[in-house]
Amino acid sequence: MIRDRLQRILAIGSLNLGEINARRITDISFIVRHRQDAEPREGPSLRIYTEPAAARDLARFDREGRFRPLKGAPTLLAGWELRLDSIDSLKLAIDYFYPGALASWFAREDRRINPVDLRTTLNRQTGMYRVTQKLTNAEADELAGRFCRSDGGCLRTILWTIAGKRPNGNLPETKFAISDDQLGKHDPAIPFLCLEACNLLVAEARETVKQRST
Amino acid sequence: MTTEIQQANEEPFGFKPDSSLIVVGHGSTINPDSSRPTFAHADTIRQKGLFADVVCAFWKEEPSLREVLRMVETEEVYVVPHFISEGYFTQKVIPRELELTGPITRRDNKVIKYCEPVGNHPQMTDLILQRANRTAPSVAPEQTSLLIVGHGTGLNENSAVAVKTQVKKIRERQIYTEVGAAYMEEEPLISNWPSLTHYPSVVVVPFFISDGLHSYEDIPVLLGIHSESTGTASRAEIFRRNPYLLNGRTLYYASAIGTDPMMAEIILEMVHQFDQKHLASAVSD
Numbered sequence: 029m030i031r032d033r034l035q036r037i038l039a040i041g042s043l044n045l046g047e048i049n050a051r052r053i054t055d056i057s058f059i060v061r062h063r064q065d066a067e068p069r070e071g072p073s074l075r076i077y078t079e080p081a082a083a084r085d086l087a088r089f090d091r092e093g094r095f096r097p098l099k100g101a102p103t104l105l106a107g108w109e110l111r112l113d114s115i116d117s118l119k120l121a122i123d124y125f126y127p128g129a130l131a132s133w134f135a136r137e138d139r140r141i142n143p144v145d146l147r148t149t150l151n152r153q154t155g156m157y158r159v160t161q162k163l164t165n166a167e168a169d170e171l172a173g174r175f176c177r178s179d180g181g182c183l184r185t186i187l188w189t190i191a192g193k194r195p196n197g198n199l200p201e202t203k204f205a206i207s208d209d210q211l212g213k214h215d216p217a218i219p220f221l222c223l224e225a226c227n228l229l230v231a232e233a234r235e236t237v238k239q240r241s242t
Numbered sequence: 002m003t004t005e006i007q008q009a010n011e012e013p014f015g016f017k018p019d020s021s022l023i024v025v026g027h028g029s030t031i032n033p034d035s036s037r038p039t040f041a042h043a044d045t046i047r048q049k050g051l052f053a054d055v056v057c058a059f060w061k062e063e064p065s066l067r068e069v070l071r072m073v074e075t076e077e078v079y080v081v082p083h084f085i086s087e088g089y090f091t092q093k094v095i096p097r098e099l100e101l102t103g104p105i106t107r108r109d110n111k112v113i114k115y116c117e118p119v120g121n122h123p124q125m126t127d128l129i130l131q132r133a134n135r136t137a138p139s140v141a142p143e144q145t146s147l148l149i150v151g152h153g154t155g156l157n158e159n160s161a162v163a164v165k166t167q168v169k170k171i172r173e174r175q176i177y178t179e180v181g182a183a184y185m186e187e188e189p190l191i192s193n194w195p196s197l198t199h200y201p202s203v204v205v206v207p208f209f210i211s212d213g214l215h216s217y218e219d220i221p222v223l224l225g226i227h228s229e230s231t232g233t234a235s236r237a238e239i240f241r242r243n244p245y246l247l248n249g250r251t252l253y254y255a256s257a258i259g260t261d262p263m264m265a266e267i268i269l270e271m272v273h274q275f276d277q278k279h280l281a282s283a284v285s286d
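First to last, the sequence lines map onto chains A and B.
Going by this note's numbering, the first sequence opens with residue 29, and the numbers climb by one from there.
Going by this note's numbering, the second sequence opens with residue 2, and the numbers climb by one from there.
Treat the hints loosely; a few may be bogus.
[As the list claims (entries may be wrong)] Beta-carbon label-pair distances, calculated as ranges:
#, chain 1, residue 1, chain 2, residue 2, range
1, A, Gly192, B, Pro104, 43 to 51 Å
2, A, Glu67, B, Val222, 24 to 32 Å
3, A, Ser73, B, Glu188, 25 to 33 Å
4, A, Gln239, B, Tyr89, 38 to 46 Å
5, A, Gln239, B, Phe16, 26 to 34 Å
6, A, Arg158, B, Gln175, 40 to 48 Å
7, B, Lys169, A, Gly107, 48 to 56 Å
8, A, Arg33, B, Pro18, 49 to 57 Å
9, B, Ala237, A, Arg240, 52 to 60 Å
[Claimed, not checked] So the derived list for chain A, only partly shown, Cβ under 10 Å to chain B, looks like this:
#, residue
10, Tyr77
11, Arg84
12, Lys99
13, Pro102
14, Pro127
15, Arg139
16, Arg152
17, Val159
18, Lys162
19, Leu223
20, Cys226
21, Asn227
Simulated from the structure, these hints should not be mistaken for lab results.
Ideal Cβ placement from N, Cα and C applies to all residues, glycine included.
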C-alpha cells in the first residue's frame, strides 16, 4: 500500500519531493512545507493550514498568481505549513502537490512501470492533436529541451524516449537521473517521474507543427 | 413546485471498501476554476468513506488519465466521467487514454468499470429545475421562461443534443410555461434571448460542467448583463447580482450546472446505475 510505504519512509527521516518537504511528528501527525521553509529561519511566520485540500489551493497558483496547470513547474509558492493528522491526509496532500508521484515511484521500485515512447503517445492522438504525429524527432528534441527543462519548465525526471532515444535537446544528464532532485540542491529526494509526455507537451507539439506549417 | 432532488434513500448507496472511484474531468490549462467542481465532488464522496480511494483525473490537468490507474490500489475501479454529455471525450478520449476495451476492462490485475457520464442521469433534469428554482425562488413559473444554455458547435455536437434532451424533459414536467434551448455559437443564439422568450421573468441556466470564461463572461456578455470592459475581477459576482432588469424583463442567471453540490450524489448514482446494468454479466462471469 502506498500509505504504508510512505509511513515507512517517514519513520526514518523526512521526504523531499519536488519543492516540498514532508516530515513525521508522530504516527498521526505530519508537517509539509516548501523546501525553502523546511529549516527554521528568520522572517515572517508561515501560514498554517490543516486540511489536505489546502495543498490543492497552494499548488494552483504560482508566486505571481498565475495558474499552474503543470504541477511539476518549479514555481510552487512558499511561506506555508500544512499540518495533517493522518497518513491518508498526507498522501492526499502530496498527490495534490505532485499528482501520482508516490504511485509512480513505488511502481518503479516494484519494476511495474513502462515508460511510453513519445512517438507512441503522438501516434494515438486524435482530433485537434492528430497533427502532432507530424512532429519530427528533431523538433521533439528541441521541444523537450525547452518545455521540460527543470530550471523554469518541469521538475519531473524524464524516463520516456523519442523514437527509442533519450531526448537530447540541451537537457543535462541529471534530467534523466532518478537520484537527482532536479533543483540542483543534491538533497536526497523522491523523484517526480515522467513516464510519458504529458498533454501540455502534446499541446506544445501541436503549436510547433502548426507554426512550421504556416 | 417540486424541484428538490429526491435523495436515493429508497436504495442507499452501499459501501465499496474494496473498490476505488476515479472521477474524470476535462480540466484546463488556462482556467483555474475548470477542475474545481470535479475536485469538490470527489472531496464530498471521499468524506463519506464509501470507497478505498477516490481520486480525480483530467484530460488537460494532472493527474492525467495515463497515470491515474497507478494511484488506485484496489482491484475494482469505477470510472465516472464528470461530463455533461456523451461525445468525443467520453466515447473516444477517455477509453483510449485508460486503454479500456468496453464497459468492463480487465487488465493489469484490475477490473475497470467505465460508467456513463453524469449528464446521462435522469436526475440531471431535477438538478436543472432545482438550480432554476434556487436562482429565482420568487418567480411564478407560469410567468417565467426558462432557457438552458449550451455551447453548441460542431465539436460539441452532443452537448447540444444533451441540452435539447433536457429541454424536452423539462417541458414534459409542465412547471415553466416556456422552456427553450439556446447556444453560444449556433441558432438559437443566447444573445437573442429577448425574442426567444415571451414572459416577464427569464431564468438562464448554463448546461456546463464548470464555471469559466463561458459562464463568467461570454454568456453574460451575450445576455447583456456584463460588458467585456468590466474585466474579470468579479467573476462569481455575476451570479450574486440577480435579478437583472433589462429589456423590460427580470432576468436571473445561474452558475454552471456541474458545480451544484448535488452532483456528488449523481456521480455515485452513475456507479449504482452501472452495477444495476451490469449485474447480470457479473453474475454470469
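Against the structure, the hints come out as follows:
no.	hint	verdict
1	A:Gly192 to B:Pro104: 43 to 51 Å	violated (35 Å)
2	A:Glu67 to B:Val222: 24 to 32 Å	violated (50 Å)
3	A:Ser73 to B:Glu188: 25 to 33 Å	violated (58 Å)
4	A:Gln239 to B:Tyr89: 38 to 46 Å	violated (25 Å)
5	A:Gln239 to B:Phe16: 26 to 34 Å	violated (53 Å)
6	A:Arg158 to B:Gln175: 40 to 48 Å	holds (46 Å)
7	B:Lys169 to A:Gly107: 48 to 56 Å	holds (53 Å)
8	A:Arg33 to B:Pro18: 49 to 57 Å	violated (20 Å)
9	B:Ala237 to A:Arg240: 52 to 60 Å	violated (41 Å)
10	Tyr77	violated (15 Å)
11	Arg84	holds (6 Å)
12	Lys99	holds (5 Å)
13	Pro102	violated (15 Å)
14	Pro127	holds (4 Å)
15	Arg139	violated (13 Å)
16	Arg152	holds (6 Å)
17	Val159	violated (15 Å)
18	Lys162	violated (19 Å)
19	Leu223	holds (7 Å)
20	Cys226	holds (6 Å)
21	Asn227	holds (6 Å)
Of the numbered hints stated above, those contradicted by the structure are hints 1, 2, 3, 4, 5, 8, 9, 10, 13, 15, 17 and 18, listed in ascending order.
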